[in-house]
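What follows is each chain in one-letter form.
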Amino acid sequence: MSLTFRLADATLIARPSGALFWPDQGVLCVSDLHLGKSERMARRAGTLLPPYETRETLARLEAEVEATGARRVICLGDSFDDAASLDGLEEGDRLWLTRMIAGRDWIWIAGNHDAGPLEIAGSHRAEVHLAGLVFRHIAQTGAQGEVSGHYHPKARLAGKVWRCFLADRQRLILPAFGTYTGGLWSHDPALSGLMQPDALAILAGGAVARAIPMPR
Amino acid sequence: MKTLPPALSHWFAAKGWTLHPHQWDMLARAGDPATLLIAPTGGGKTLAGFLPTLAELAEAPPKGLHTLYISPLKALAADIRRNLRTPIEGANLPIRVEDRTGDTSYTQRRRQRADPPHILLTTPESLALLLSYEDAPRVFAGLQRVVLDEIHALAESKRGDQLTLLIARLQRLAPGLRRVGLSATVEDPPALARFLAPDAGILLADPGPAPDISMLETEAPPPWSGGGGRYAIPAILEQVKRHRTTLIFHNTRAQAELFFHDLWLNNTEDLPIGIHHGSLSREQRERVEAAMVAGSLRAIVCTGSLDLGIDWGDVDLVIQVGAPKNVKRLVQRIGRANHRYNAPSKALLLPANRFEVVECKAALDAVREHTLDGEPRGPGPRDVLCQHILLTACAGPFEADALYAEVITAGPYAALTRAQFDAALDFVATGGYALRAYDRWQRLKQTGSQWHLRDPRAAAVIRQNLGTIIDIETLKVRLKNRAGGIPLGEVEESFAATLTPGDTFLIGGQVVRYESLREMTVEVTNQPGRDPKVAVFNGTKFATSTLLTHRILDIFAQSRWPDLPAHTAEWLSLQREVSRLPDADTLLCESFPHDGREHLVIYGFAGRNAQQTLGLLLTKAMEEAGLAPLGFVATDYATLIWGIDAVTDAAPLFDLQALQDGLETWLAGNAVMKRTFRASAIIAGLIERSHQGRRKSGRQATFSSDILYDTLRKYDPDHLLLQITREEAMRGLIDFARVEEMLARVAGRIETRRLPRVTPLAAPLFLEPGRIPVQGAGRERLAEDAARRLMEAAGLA
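Residue numbers (full-length UniProt numbering), protein chains in the order written: chain D, 1 to 216; chain X, 1 to 797.
Accuracy of the hints is not assured; some may be wrong.
Result set (EDC-like, lysine to aspartate or glutamate): computed pairs, CA atoms no more than 16 Å apart in a straight line [what the hints assert, rightly or not]:
(1) X:Lys346 x X:Asp314
(2) X:Lys674 x X:Glu727
(3) X:Lys74 x X:Glu289
(4) X:Lys714 x D:Asp82
(5) X:Lys241 x X:Glu289
(6) X:Lys63 x X:Asp103
(7) D:Lys160 x X:Asp115
(8) D:Lys160 x X:Asp785
(9) X:Lys74 x X:Glu98
In silico contact screen, one side only, chain X against chain D (beta carbon under 8 Å); selected entries [what the hints assert, rightly or not]:
(10) Leu47
(11) Leu435
(12) Tyr438
(13) Trp451
(14) His452
(15) Asp455
(16) Val461
(17) Leu479
(18) Glu688
(19) Leu712
(20) Tyr715
(21) Asp716
(22) Pro717
(23) Leu755
(24) Val758
(25) Ala787
Derived from the structure by calculation, the hints contain no laboratory data. All values reported here derive from a predicted model rather than from experimental measurement. For glycine and all other residues, C-beta sits at the position ideal for the given N, C-alpha and C.
Build the full structure now, drawing on both the sequences and the hints.
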């Protein structure tokens, strides 16, 4: 069950998957997919993690695209774990991604992991302004109606750790959508300094997206 | 060699020392390829192990490493170095002795590799590191002897499995190497000898006089349930007064903390009493240890952290609080009293509750009859083998055939098949995934018949991750003040996560108030005189051994109990009158209503872990049968299940096949499995240990190993690491083997007694902590309620 809330003048839906849907614009927004993470770890650190996270992430993303019928998809940066990750994708995974992109307005926003130009279909942007909202990878102080990612926020409730959206009247920070991603506690100074005192954490990962006062 | 070199024998004579018979025997057997010495505590085991070395090196020793000594404790290595110095300096022998542990400085360690001492004292982990360097063949080429101290303790863990692989390597580098194992009393000496070497001889020292051991009788009978033995504090203080130094052993750290706190409330004479356990800060432990050696403490409340090794001053009484759960450990603990050869050790057992009276009696009988327990350990774990292959690759290129031939000379790996070995090698090289993803980035590459690291720089990371000890994530606890705070100890991260500011808990015997969490440190303030919330450190929970449970059932079978305290004998008689006592041939189940709910008790006597597993599986079966179970609680001897409907015949619930199927599904999402997976994944080299420094920065970059577990289960369910995880969990926390053993023992004889009310034997179960609710969508509902309350409190709902 999703949770509907407002940012600036937009009505937005936080989905239990950690994706954001904007019905008025037909926009689905996900952040920090980190596709190709296991390949990059193997290349850089020599550890050989189970190489299944890209297909797992793509499967969840495809389910969201189909469930929402989104016309436009915005990936909020760090979509690929680094510039070389795209080359390292399995052929099948790459084709799967290309099929998903086809027939939709697909926007890749640059993140700190994937700042360079990417050889993949879709438009590539530093940020996107749309009907009063701005989409970028890293939150900027003083921004209004801003949707960003980067921090992978997480919070604890009822003895369990949840990925979460952080929302106040100015901004929204999305949880990481990628399978192999950790999190930063909402009470970390980097996050509690950014969010207003009355900010909410919307917990994803369960059957229901539910809001609590942001733990700080 | 049967004689001591003149320098040594003169010095012994001057000191008035004479050797024990087993010390002479060790000298006589100096040339044997492998010898296991089993001797009681205080029997001069360590000197016996070193005498051949001292004798061989007494005159004009050649340069280079002669003897390697390995102990499970860093502190023991340092202690032995000091003790060896006495005869070496006294007899003026030209022998260089050094220790090498994680605490040894970088320059010292480098120098030791370039110019090794004659005798090097170290730990399994430091030996692993030494063997991971390219120069290992040169360093160990001349090695003559290896001495494994406290080998009985090492043999019970993965550290021991790893050590046998390392010794196999040493043997190849130094073919003339002779092995010596030093052990306390164990149940199965031949098994331990096989662990040491395929052909090890056994030398049994005189076990010394039988211990003086009895149950501590108190005026008030023990309570019906619970642990900790706090009811007996006056009696224990009385014993402390009558002895020089008393060790008071507890089974868990939390119980030790609670007991210590209450002990001080009653310690009107201000007897100097300290506390020692693994969660205390190093500074605190060292202070207590120093005070013990100096003889300035009258008693020490402690846990397994004092089970091993070092001779801590003049202990003349050991008190074991709570049933010992395991006879072998009890005997070894008793040995801590009176570290003098041929003096009986004195020990008292204190049952913490009524049932433990029977358990203590069973343990006393076992000690008197010299029967010890112990479960065979099973084959060497394969995650340790994976790490060993990585270590081998760090030291240089290797051939698979040669490595396999070497590995199967290590006791625990003697039955390892070539296919199992190849699967481990494939995991290390490629990840071993069904999806062959890492052709370009393989960890190991094969050139000709030689395997080697693809990227030699990876060796540094591999070395940082060597070892089989997996730390539970802990946070430091500091007393908040202006000077940065006094360290008090550590608590598990999961415990810290349950605290909210204002909560009180016990640590180091003081009640503290949780203030905040700052940079991986729990900040607390002093809160004397308040009741603690609770001290939960998840101290190791030991299940009662099979031997002890069988002895308990034997006691139940007696017609009368003249040697049990009257209160306990009456309790058992009453149980026999209203129902019956459990026995070894039948599985007794009692079914009765109580307090508006129906209850079912299963007296399986399978140990706490297995009874808990049984509770989970039976409630699942009951749910499917529409019997609406609501929860259960498990102890070492029984599982109590409550629910809405009465179970009149429990037998159909015990279908082994159905239980096994239930186990499979249940395991899928189980936290125990995830924890086991994490440990094996670290040991096998799939994930790196988290280092404190790295955790501080960029924490969003690291993710939980639970995600890897879930992903593997979904996409690669037959992966080697999942096989390993399953094996580990089945013989560890889940202990399904004992459920199977119990069902085989009763062979279908399952008796359900329908009774009008709670029975005497079942009554204590109602007071047990650790009740587990059965929940379907429970977690979501809990979160829903918690979220609603938070929003309401914030005025947002």
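Against the structure, the hints come out as follows:
{"no.": "1", "hint": "X:Lys346 x X:Asp314", "in the structure": "holds (13 Å)"}
{"no.": "2", "hint": "X:Lys674 x X:Glu727", "in the structure": "holds (13 Å)"}
{"no.": "3", "hint": "X:Lys74 x X:Glu289", "in the structure": "holds (14 Å)"}
{"no.": "4", "hint": "X:Lys714 x D:Asp82", "in the structure": "violated (26 Å)"}
{"no.": "5", "hint": "X:Lys241 x X:Glu289", "in the structure": "violated (20 Å)"}
{"no.": "6", "hint": "X:Lys63 x X:Asp103", "in the structure": "violated (25 Å)"}
{"no.": "7", "hint": "D:Lys160 x X:Asp115", "in the structure": "violated (53 Å)"}
{"no.": "8", "hint": "D:Lys160 x X:Asp785", "in the structure": "holds (14 Å)"}
{"no.": "9", "hint": "X:Lys74 x X:Glu98", "in the structure": "holds (13 Å)"}
{"no.": "10", "hint": "Leu47", "in the structure": "violated (46 Å)"}
{"no.": "11", "hint": "Leu435", "in the structure": "holds (6 Å)"}
{"no.": "12", "hint": "Tyr438", "in the structure": "holds (5 Å)"}
{"no.": "13", "hint": "Trp451", "in the structure": "violated (15 Å)"}
{"no.": "14", "hint": "His452", "in the structure": "violated (13 Å)"}
{"no.": "15", "hint": "Asp455", "in the structure": "holds (6 Å)"}
{"no.": "16", "hint": "Val461", "in the structure": "holds (7 Å)"}
{"no.": "17", "hint": "Leu479", "in the structure": "violated (22 Å)"}
{"no.": "18", "hint": "Glu688", "in the structure": "holds (7 Å)"}
{"no.": "19", "hint": "Leu712", "in the structure": "holds (5 Å)"}
{"no.": "20", "hint": "Tyr715", "in the structure": "holds (4 Å)"}
{"no.": "21", "hint": "Asp716", "in the structure": "holds (6 Å)"}
{"no.": "22", "hint": "Pro717", "in the structure": "violated (11 Å)"}
{"no.": "23", "hint": "Leu755", "in the structure": "violated (37 Å)"}
{"no.": "24", "hint": "Val758", "in the structure": "violated (32 Å)"}
{"no.": "25", "hint": "Ala787", "in the structure": "holds (5 Å)"}
In terms of the numbered hints stated before, the structure departs from hints 4, 5, 6, 7, 10, 13, 14, 17, 22, 23 and 24, listed from lowest to highest.
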